[in-house]
Amino acid sequence: MSGPDCWIEGGKTPADVTRDIASPLERGPSPSWWVALAASAALFGIGAWALAYTAWKGIGVWGLNRTVGWAFDITNFVFWIGIGHAGTLISAILFLFRQKWRTSVNRSAEAMTLFAVACAGIFPIIHMGRPWLAFWVFPYPNVRGPLWVNFNSPLLWDVFAISTYFTISAVFWYVGLIPDLATLRDRACGARRRILAALSLGWDGSMRTWVHYESAYLLLAGLATPLVISVHTIVSFDFATSVIPGWHTTIFPPYFVAGAIFSGMSMVLTLMIVARKVAGLEEYITERHIDAMSKLVLATSWMVGTAYATEFFVAWYSGNPYERFVFVNRALGPMAWAYWTMVCCNVLIPQLLWRGGIRRSAMAVFVIGIFVNVGMWFERFVIIVTSLHRDFLPSSWSSYAPTIVELSIFAGSFGLFFTLFLLFCRFLPMIAMAEVKGILSSGHGHAKGPTASRERGALA
Amino acid sequence: MSRAVLISFANEQDALRAALRLKSGGYRVLDAHVPYPVHGLDRALGLPPSRLPVLCFFLGTAGAFSAFFFQTWVSTIDWPVRIGGKPFYAWPSFIPIAFELTVLVAGLGTVGALLLSRGLLPWRQARADLAGTSDARFVLVVQEDTPGYDRHELWGLCRDCGALRLDAREEEG
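Chains D and L, in that order, are what the protein sequence lines are. Residues in the first sequence are numbered consecutively from 0, following numbering that gives the first Met the number 0. Residues in the second sequence are numbered consecutively from 0, following numbering that gives the first Met the number 0.
Do not rely on the hints blindly, as some may be mistaken.
Chain L stretches covered by chain D per the calculated footprint, using a threshold of three residues with CB under 8 Å from any CB of chain D [stated by the list, open to error]:
| id | stretch |
| --- | --- |
| 1 | 22-34 |
| 2 | 70-77 |
| 3 | 81-89 |
| 4 | 119-131 |
| 5 | 141-149 |
Part of the chain D face toward chain L, derived, beta carbon under 7 Å [as the list claims (entries may be wrong)]:
| id | residue |
| --- | --- |
| 6 | N151 |
| 7 | A215 |
| 8 | L218 |
| 9 | W301 |
| 10 | T305 |
Calculated directly from the structure, the hints in this document are not laboratory data. The beta carbon of each residue, even a glycine, is placed where N, CA and C say it ideally should be.
Please model the complete structure; the sequences and the hints are all you need to start from.
Next up, the structure:
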């Protein structure tokens, strides 16, 4: 294949795209899919047991104590929210920058965003202790006054940020799906056709509709871009607006947003590299796509690394002994192993991506992606636990270790994520067919019509 | 009821070329049905740009102001509570929620307007004669009862642009 604009291999025509993407969904699932679904659902089952146990007994079954009041719960919350951000980066920000390669990966990246935000949402709700009263976080007219929520609290801003983010991501994803659902509808029959007909809202590809559709899609991209930045900014406010040394820093918003995109992009790569192999989509998600995403991982790795160094410098330069102590304690204290795991996974290992050969090797990028995900989980753990466990008063110093219940909830969140992702792969087109068709012609000069065999229709 | 014909093409270039020639030939192309937005076809059809951005702007503004004023009303008039020594009207802390509501109202409202204005509703059915336009078929809908209309001349024009077939249909409205 030639041409800098050609991102799809194999000289595809629009009809090829429909067949390649839609026909696997019309066959029965493979045995390996059932095995993967069973394993994910079982993992989610373990998490469901732990969630029920937590709700029944209270959060005393976790390893928290008076000094370390946030640990696994909030670490996992920030981790999953961060994973979601790459989906919005790919679907909205790269759309605004007219990056054509996004069309191969945006659908599954957006699905990943939704599922990751759903996983993230579990943690703040259960850590309230009485999850059945979670609706109290919304300012609705109530019989207690009405007693309103505290609009000065970043935890409340989080409620609005996460719920807006989930809603807008879901709408963006669905709007993008409508033309593809119509494609599936036109190939289906029976009950499947009726369901798809309802979901595709009578879409008929009218150019009059496309004009408004494209406008709405661009507007959603324009809205989602500042939204995604605001969401992780507000998540970082949960920490930055407190007066805890190690949390109370102005660098947190950009540092969290960069870290979110870094971890999310690695998760997209990890998932895509497996999915393209399993679904046989190598001609759509090519080595060039992996290469482009790897460059984003490398760039954001440097942003995160720079933030680590800046934090340390500012802790020293501030002259504040508490601030200095927290950072020395992070690097040399009892949880130094977590700190150095984070530095190795997030700053050192991604440097391998400078080599083009490594960026184009799916296996190498997959392994690096896993390391980055581990590292970014540890980043949140380090920020939360090492800042808390040795506080102002040495007599209240403590440590933290997760209980089996917390570990099960964390494992269960992965189970939920993979269960949802596997269902998505089976029932919805993993690649945005209409969008990919739209970029085919730009690489070929002109689309290849079946000129020779053209059926010259008679006048009706 | 105005009569119309559907002219099918195998690719976007042929459909676009035909639409431009039909327009200059005095035919009225009512609409096109295509698997993906073909850029240039909107102008060939003489479609005005979407006004959704204007609506989106006003919805966003409405979201921002209503969220800001609601927080102000709650914190200063309905039930002022002194929290952490902060003033009741702590306006900077109202900004994040005002921003989120800007995005939420503008996003949901724009999509709602798109779906309602184009009649995209769950019980709506696409016309059977448009099957394939979601795959790889490009269809131009040309009005028939216009002065000087000649189906043979129309087909000749379209065939020169690579049209595959022509079908008659009843166009509503």
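Hints versus structure:
1. Remark: the stretch 22-34 of chain L is confirmed as covered by chain D, as 5 of its residues place a Cβ nearer than 8 Å to a Cβ of that chain, reaching the required three.
2. Judged by the Cβ-Cβ criterion of 8 Å, the stretch 70-77 of chain L is covered by chain D as claimed, because 4 of its residues qualify and three suffice.
3. For the stretch 81-89 of chain L, the stated coverage by chain D holds: 4 residues have a C-beta nearer than 8 Å to a C-beta of that chain, and at least 3 were required.
4. Check result for the stretch 119-131 of chain L against chain D: holds, 11 residues qualifying (beta carbon to beta carbon below 8 Å, three or more required).
5. Three residues within the 8 Å Cβ limit are the bar, and the stretch 141-149 of chain L against chain D gives 0, so the coverage statement is violated.
6. Because the closest C-beta pair between N151(D) and chain L is about 5 Å apart, less than 7 Å, the hint holds.
7. Given the 7 Å rule on beta carbons, the hint for A215(D) holds: about 4 Å separates it from the nearest Cβ of chain L.
8. Because the beta carbon of L218(D) sits about 5 Å from the nearest beta carbon in chain L, less than 7 Å, this interface hint is met.
9. Residue-level restraint check for W301(D) is violated (minimum Cβ-Cβ distance to chain L is 28 Å; threshold 7 Å).
10. Contact between T305(D) and chain L, as hinted, is not supported at the beta carbon level, the nearest pair being about 26 Å apart and thus beyond 7 Å.
When held up to the earlier numbered hints, the structure conflicts with 5, 9, 10 and fits the remainder.
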